[in-house]
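Asks: Spelled out from the first residue to the last, the chains are:
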Amino acid sequence: MPRPEINWITFSIDGREVKAPENAMLVDAAKYGDVEIPVFCYEPKLGQPVGACRMCLVEIEGIPKLQTGCSTPVKDGMVVHTQTERVHDAQRAVVEFLLINHPLDCPVCDKGGECPLQDITYGWGPGTSRYIEPKRHFVKPLELSPLIAIDRERCILCYRCVRFSQEISEDYQLILNERGAHSFVATFDGHPYVAPFTGNIVELCPVGALISRSYRFRARPWDIEGAGTVCTLCPSQCNVDLTVRDDRVLRVSARDNDEVDDGWLCDKGRFAFQHIHVDERITEPLMRQDGKLVPVDWDTALTAAAQALGEAGPRAAAIADGETTNEEAFLLQRLFRERLDCGNLSARPGGDLPLPLARGLADPALQATVPDLEFAHAVLLLDCDPIDDAPIFDLRLRKGVRRRDMNLVVASARPTALDANATTVLRHAPGTAEALLVALDAALSDDRGNLGGAASAAGSSAQAVQDLLEDLTSAGGDIVILYSERLFGGPRGPQAAEALLNVANRLNLTGEGAGLLEIPIGANGRGVREAGFAATHGPGFAPVANPGLATHGIAEALAEGQLSTLYLLHTDPLRHMSDGELWERALSSAQTVIAHESLMTETVATHADIVFPGEAYAEKEGTLVHPDGRVQRLRRAIGHPTPFNRHPGSGVRAGWQVISDLAKLLGLDFGVFAGSMASQQLFAAVPFFNGLTLDEIGGRGVRWPAREAARLAFGETSREPVALDVPPAAAVPSEDALRVGTFRPLWSSKEVDVSPILQYARPTQVVELSPVDAERFGVADGDKVEVGVNGTQVQGAAKLRHAVPEGTVFVAEGLSDASSSLFNYGTVQLRRLGGSAEESPINPIIGMPAIGESPFNPPRHELRESPPGTAPRMNE
Amino acid sequence: MSTLLFYDEIDKPGLASLSTYHDIGGYSMLRKALDMEPQAIIEQLLASNVRGRGGAGFAMGRKASFLPKGDMDKYLVCNADESEPGTFKDRELMQKNPHLLIEGMAIASYAIGASRAYIFIRGEYMHQADVLDAAIAEAREAGFLGDRVMGSDYSLELWVHRGAGAYICGEETALLDALEGKRGNPRLKPPFPAIEGLYQGPTLINNVETLMNVPHILRMGGEKFAEIGTSGSTGTKVVCVSGCVRRPGNYEVELGTPTRDIIYGLAGGPPEGRKIKCWFPGGSSAPVLPGTDEYMDLPFDFESIAEAGSMLGSAAIIIVDDSVPIVDVALKTAKFYRHESCGKCTPCREGTNWTVKMLERIENGQATPMDLDIMASVCDQILGNCLCVLGDAMAMPISSMIKHFREEFEEHIEMARERNGLGAAIPVMNRDERGPDRSAEYSAVGH
Ligand SMILES: Cc1cc2nc3c(=O)[nH]c(=O)nc-3n(C[C@H](O)[C@H](O)[C@H](O)COP(=O)(O)O)c2cc1C
Ligand code: SF4
Ligand code: SF4
Ligand code: SF4
Ligand code: FES
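In order, the protein sequence lines correspond to chains A and B. Going left to right, the first sequence walks through residues 40 to 915 as the working numbering numbers them. Going left to right, the second sequence walks through residues 682 to 1128 as the working numbering numbers them.
For the record, the hints were derived by calculation from the structure and aren't laboratory data. Glycine is no exception: its CB is placed at the ideal position from the N, C-alpha and C atoms. Hints may be right or wrong, so weigh each one.
[Stated by the list, open to error] In silico DSS-like cross-links for lysine-lysine, where the CA-CA straight-line distance does not exceed 25 Å:
| no. | chain 1 | residue 1 | chain 2 | residue 2 |
| --- | --- | --- | --- | --- |
| 1 | B | Lys1013 | A | Lys174 |
| 2 | A | Lys84 | B | Lys870 |
| 3 | A | Lys84 | A | Lys114 |
| 4 | B | Lys870 | A | Lys104 |
| 5 | A | Lys174 | B | Lys1038 |
[Unchecked claim] Non-contacting residues of chain A with respect to chain B, defined by C-beta distances greater than 10 Å in every case (computed):
| no. | residue |
| --- | --- |
| 6 | His221 |
| 7 | Gln630 |
| 8 | Thr631 |
| 9 | Gly821 |
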């Protein structure tokens, strides 16, 4: 869909001629003439203005009444006054009105010093008040949720938070209760406001009415510094601003970048920063002695690692994930390839794609951007759920549907959070996204035979596939397919990639505004691979002489003793790889496991032999690649932690430095003395990054597929559709066997596990099933059930969902306990074990409790007693 | 004898039933309309110059002509929320002659090309809603509503939606939100409902009485209709007279009838021995006018009342005689608006609340004449600065009362202070707010 065009007009404001984009709201247009019109309720991120606060009244010649500048579009020749007595009177009036019921407790309010109400009162208010009546009172502060405290007396009823809940995140929980001067913000029945994006309301609130509980009473604006970087907790890579006090991160706020995040964050990104300063942080090198991990100095650890790697040579392997930067991945693959002659490198839990396919999928012409999700005529959401996989995309899709009439078409096994916004929803059997693509390809090429076969292999019908295609293509040619890397998991990954490329080809997705957008599994999955960290290719998809083993192969070879040394960079295979049982054996059989990790996880504690303390993202410098090809920059916000009482240099070191030092010990000198030098090497080695500089990337990032270098690197690519075969049909559910699918909940991450404030959100195993099956098995919501096959069992609480198709169950993977990643697709048996498991701490309760009196207070996280000077506790 | 459009037959037995209504020629205008071009009907409405009877007095024909032409989902909504204090005309009209409303709505819907229409009725009007439901069922049965109205190609569905008890839902955009199932808060205008109304479709919203005029306009022809009343205020008006009069009730008069004839003639004037202190010409939202001859001589029409500094509004005349303290009237009025303010915009939410608190302080003997200045200024700060006109609807009458009756307010303040033992007026704070009374510790300036 064409983006709105900008037409510049001239209008007059306070006697000056100013050029501004036509139809910009006056408050925005005024900025072009350096005129500030005060606002409270206006926030363009929230959509249409509502005109509630009346702070922005201005005088427009030819209109008798004062008009709200936030809702009046500027037109050519308009004559606007903001400095007349009438306007001043109205502004003073609104400020006076807003303050009559306000507690004026700035000295103890966390917003003090960065509060729009304060600023506007100083700038535009009357300076005094004539109000001597009793003020309105509320019990305060109350716990709006485990994350947010609400002080209703400070609220100026600007509606921002309510609009966010109703129109942006569409969780429809926050409302205004009562009316008139009695109005107050609440959830309908007083239950805690728990949803994936709630923290945004704290940032939206123009007063201190909504305060995040992790920041309450922690700092004042003059104590803090801001540091811009990028969140690495999921592939959305939102741009964030870290609030730093005394070298500690106290808060994460959005650093609005419309091209990436639209200025929103999810609650994981906003609150899991607590993982930076917990006792689980590994702050010094460790080595296993007599079965226990004990602190050692860097030289010892590096020498031991170098020795293990050197001895292993081609019998080594490395896996990277999570917050690994491009530079770290690049240097580590250099070390492996150039020094160990070893290509066993992988960042894909599902296995690496053959080079032509990996390269084909990265073709710049096929890359959709994040804004394309909003402006496309139609988006196909293919077997993924952004709310879990890349939450910020969920908001972007909602925006597209709500504000731009985008057609959202969902084809997925598990019901998605966006089903209600979709034009069509097709439910296929778990693990059959490839079959669905083959059916789409057949429908697009009029291959009736394949269409029927593939559609039924996907557990769907030819008609359903055709209906879906109709809705996908009817609105126009700007089509985006949003899919997850999981599509390529398993042995048929290459075939799935072929099918996807075929469909992209037939839909002609090479144009502007159309394309593919892959959600990688790791936060920087795309960047790590493009830096050459892959079994099948080197930096920039360069061919390699000896392709190595991918993840599954590495696990098997380790288990069978063919490989000896494993380097884990920010990754936990037991948690993130399928086939946990094989990995368990692999890790136990490995001679040396080197873990480069920031948090002491179960896996590190049990299996690592050498531990390099890893950086948290706030400490890192380097670059990442966003799923849409945007190269983004991580900037160091705080120093590296050091263990208590040790000399500087003994603690965490930069990832690039550790890998360089290791290489040096193995006789390879990268010549890298600073993070930026690693970036330079990377940019020189990857053809489509050629010429990039850190300055150019700056705070907003640069999309490489849009650069000239990308065109040169890829040349004119053209692909002919290939013949596809129909994949094996999905397992058929029977009387006692149910199809099984898996999903990775948003909250399953090591950072959430250790963040005290997020304990309420830590996922536990659930078994999602349809009420029909539940009745058949005599299972009630919340009952403890077990699903399993061939001795592999998972236990969890039954969760009845109407949208889950009959004959199918879904279980979570990636949880911290071992119950994850056990199933490949197929069928399982279900057994009821007992009555309702423990009651969820966030079940609706009536009436919001006062802070500290909550029955569902986040359980205190068990932390070791910290010695002075180390990480503080982040509990309230 | 002036023309009567509604009240000549309103008490005819059985008028609410389809058969009686049909007998006196009911639905013949719908028949006529269906044979006309929709635009021709709008022309008739324009020619009649009939103005809205719900409060704002906007010409109905003009509003209808703002709706975009063409094929799209358009809606007609009848505003039957009638919650303005002193207004009770729609109630009687709907209860006694529901089919006239249905016929008017069917014609108007056809004229604007709407195939769905709603009556948003005040929740307390349970009986009237039942009457309408029954009448709609009858009309549908007889083919005046539903698929292919009267055998034509035109189809219309009509529903009654019962409100849940908020005055603000009479405001047209709040009404639309309520109808959509949301909290009834006014929307920002523009876009106006005629362009983007119910479910974002073009929507015509009119008052019950306005829509009931439509069949009469078709019957008489727009130009003939325009001969009734005055040139700027055509037609008749049902006036609701209440308060201190001997015969309160609904009276239909030609617009332009002298006010005295309504208040003293039809409604019998104030009780024996009392004098009219002031009166609201158009419901409690209208500024009050004194009961002096000058004002009694005003022709009762939109322009004259506006020129005199008030407004015709819903034409609900409320009489206040000299037995009623003006502070009581002000407090009652202000309390109503504070209670009904939706709270969306600052001046109305805070201003109505503040005004009530000041008036209560006057009543409690804790005020000084200075508070009157503050009150007038607060009203001033509300006026024209709100999102909808509910804020103005409190500010206008209250400031008019202060303007016309300042002396009485001041006397009231002094009397109340004396009653309270507070002595002569000096500015004081609210006792509760001051904390413990420590005046004895100082050489007290007689509190
Ligand atoms: C607070 C408020 C309450 C209103 N209540 C009513 C009402 O109860 N009935 C009504 O017809 N109009 C009411 N109105 C006027 C409507 O907004 C609207 O102007 C009217 O329904 C238009 O119909 P008309 O043009 O036929 O008068 C109210 C307006 C306001 C601001
Ligand atoms: S809590 Fe904050 S954001 Fe919400 S309405 Fe009140 S002032 Fe606005
Ligand atoms: S969506 Fe992802 S990147 Fe954005 S804040 Fe949340 S975790 Fe961080
Ligand atoms: S003027 Fe009053 S009723 Fe109208 S929008 Fe504002 S607060 Fe609501
Ligand atoms: S900013 Fe314009 S009304 Fe609030």
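Asks: The structure should be examined with respect to each hint, and the outcome stated for every one.
Replies: Hints, one by one, checked against the model:
Using a Cα cut-off of 25 Å, the hinted pair Lys1013 (chain B) and Lys174 (chain A) holds, with the two alpha carbons roughly 21 Å apart. Under the criterion of a C-alpha separation no larger than 25 Å, the hint pairing Lys84 (chain A) with Lys870 (chain B) is consistent with the structure, at around 20 Å. A threshold of 25 Å between alpha carbons decides the hint, and for Lys84 (chain A) with Lys114 (chain A) the separation of about 22 Å falls inside it, so the pair holds. Straight-line distance between C-alpha atoms of Lys870 (chain B) and Lys104 (chain A) comes to about 13 Å, which keeps the hinted pair within the 25 Å bound.
With a CA separation close to 10 Å, the supplied pair Lys174 (chain A) and Lys1038 (chain B) stays within the 25 Å bound. The non-interface label for His221 (chain A) is inconsistent with chain B: the shortest C-beta to C-beta separation is roughly 7 Å, within 10 Å. Its beta-carbon lying about 66 Å from the closest one in chain B, Gln630 (chain A) satisfies the requirement of being farther than 10 Å from that chain. Listed as a non-interface residue, Thr631 (chain A) keeps its Cβ farther than 10 Å from every Cβ of chain B; the least gap is roughly 63 Å.
Against chain B, the non-interface label of Gly821 (chain A) holds: every CB pair exceeds 10 Å, the least being about 31 Å.
Checked against the numbered hints listed earlier, the structure breaks hint 6 alone; every other hint is satisfied.
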